[in-house]
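Working from the sequences, and respecting the hints, build out all of it.
Keeping their order, the protein sequence lines are chains A and B. Per UniProt numbering: the first sequence = residues 1 to 412. Per UniProt numbering: the second sequence = residues 1 to 309.
The set of hints was computed from the structure by calculation and includes no laboratory data. Small disclaimer: the values here were computed from a predicted structure and weren't measured. Where hints are given, some of them may not hold.
Stated by the list, open to error - Quick partial rundown of chain B residues pointing at chain A, CB under 7 Å, derived from the structure:
1) Q10
2) T77
3) H148
4) S273
5) R279
In this text, a Cβ means the ideal position worked out from N, Cα and C, and glycines have one as well.
These are the residues of each chain, in order.
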Amino acid sequence: MMISRRLALRTSAATAALAAAGLNVAFAADKVYRIGITLPLTGADAEAAHLILNGALLAIKLANASGELKGITLEPMVLNNATATAGQYDPAQAATNARKLVGDKKVLANVGPEMSGSGKAMAPILSMGILATITPSSTAPDITSAQYAGEFDPGGKPIYFRTVTTDAYQGPNMANFYAETLKTPSVYVLDDSGAYGVGLADAFEAQAKKKGIKVLGRDRLDPKAADYSAVLTKIKATGTSSLYYGGTMQAAVKLVKQSYQIVPKIIKGGGDGILSPEMMTAAGFPAAEGWYATNASPHVVDDPKLASWVALYSKTYNLQPDDYAITSYDAALVAIAGIKAVQASGKPLTSANVRDAIQTVHVNGLQGPISFDKYGDLETRVVAVFQFKQNKSAPLADLNKQSVYIGVAPQS
Amino acid sequence: MTGAAIFFQQIINGVSLGAVYALLALGFTLVYGILELINFAHFSVFMVGAFIALVVLQLFGLQGQSVILHGAALVITLLVALAITMVLFGALGVAIERYTLRPMRNVKGPMAMITTIGVSYILFNLVLLATNAQALNYPDPMPEVAYHVGGVVIRLKEILIWIVAAVLMVGLNLFVKRTKIGKAMRAVAQDAEAARMMGVDVDRVVMIAFFAGSALAGAAGMIFGLYYNFTQYSIGYTAGLRAFTAAVLGGIGNVPGAMLGGIVIGLIETLGSQYIAARWADVIIFSILIGTLVFRPAGLLGMLAPNRS
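Structure (structure tokens):
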């Protein structure tokens, strides 16, 4: 019950901050438009989702306070993508939310979703309704791939923009890191059977082979199963020097614990699906110690240049931001920049015009310059590498303190 | 690792996994044997068991991985915690039977089975809401002692689990075969109406079957948590499905069959992962189940249904 209470407090705090922002700047003459924010705010993904939510809320709050959007006030429309039945993000709920957003003519753009599974459900609906969404964290490449445009972009104009790069870079760049920095001669690749995990592991495996790493095996985990000792025993028997896992925490909690028992000494790593507080709170140390993980964005939350922003975020929400809170802030900046561009052009303020403006926008985000290619993908493709290292003086769930930033993964 | 060492290591893995499945399968088989009812609530009862056992262990001061116990302190603490969990869980099973299934006892059709699915979902969602779907770290009070035998690693934790599971399974078997209540249970399984006419309190027998099955699920939940060092709202699904398969494979309604079925499913899973691939585990398990039912419909040791002729 404690976790639920904490989350409820966070949501209340966010709502209160929002209300305060509205009271400060909502002039009577201003027209109110909305920016959707769709995230899994309850269930297994809730902690990370609240950090992301606050990033977008802060950008909207500051834009309203500055008066830069002449004559209009932006109102966040926060929708939960998670359901109790799923226990986490639920693509069916994400689709329902997408219909809500498209049906509201006051909504000019959306920030989210967090997960690619939701993105796949939302994209066709947003495409037909011509409403741009800017995801701060979903990384499955096929949503913005020309190959799958018929499925995810039936309207014909890209509507799925990202302020992170995709797994087409996250996986391969980590393979480069394994080959060039860790110099591991061999690897065993696992995934968690999910769309994100399989795609990420495939991308890693293909690049690992290109870089001359011997791929000694590839297998798939059932995320609801409890016991991975059989597959880990098999991995041990191959004599591999490293393991790569594509997937999220549901399987990772058990994989991390059991691999510590069975293959404690080999190099182990994964994608942004395991760069999560659950690595410490559920998998726990010492099992998590030494695991590598990537983020599909630069690591800027510790950058001294952002200290005042981090302080403002922490003061406003009583939480420490992470890098995806920053990409979420940047995603809202993109939406706001699109609205300003439409205002400047004198065109009517519609979601279709905002989408067109976002396609060509250049924004100076917290992470650096942001612009998109013709598919909606971020043109800079930085993948940050972290390693879990226990910090006994910091709270266990503090991801920033329980992992260390190693650097940018090689892009060669 | 040599080929033989890998094979025997997977046998060790399979027996440990199978022990959990077997304990769960006993709950399915006990209820089916007496009521001819597949109790799907058992999926979630096991999961709730792991959470309640966690609370019980925390009451004993075992938090996270900070406390390691040795010798008599370890054995006594775990046994007392196990006993408390089993009693709490037996009581939960009795409550489920008394307030949801007994009113359905004389209703024809699949209503009772659907009720068990409903109970399963209620328990599942209660835990999901209480934990917000987060996985919880389990205490790990056992010292990390491992024995190396010709390249095969056997952990103390595994040995303890085998012993506890074996004692519980043999104990249940003796209870059903040797005690007066066990004889009454077998009589009710054979013909409830005749047993009633012979003076057997059928409601009491059913209640005891639910108590025993749920207590074993509680024990399985605690063993699960201690072995894997975590618990989560979703753990009941795969384990429950495999245990149900084990009960059918062994011959549903048959106590030794459930035990054998559990171990066989555990071994199929680990050896299948080693020599075929982990991603084929479900395909292999269910293919063998279907094959068994086609060629030996009563399962490995059982009869198709209690003889009511």
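Here is how each hint holds up against the structure:
no.: 1; hint: Q10; result: 6 Å, holds
no.: 2; hint: T77; result: 21 Å, violated
no.: 3; hint: H148; result: 13 Å, violated
no.: 4; hint: S273; result: 4 Å, holds
no.: 5; hint: R279; result: 4 Å, holds
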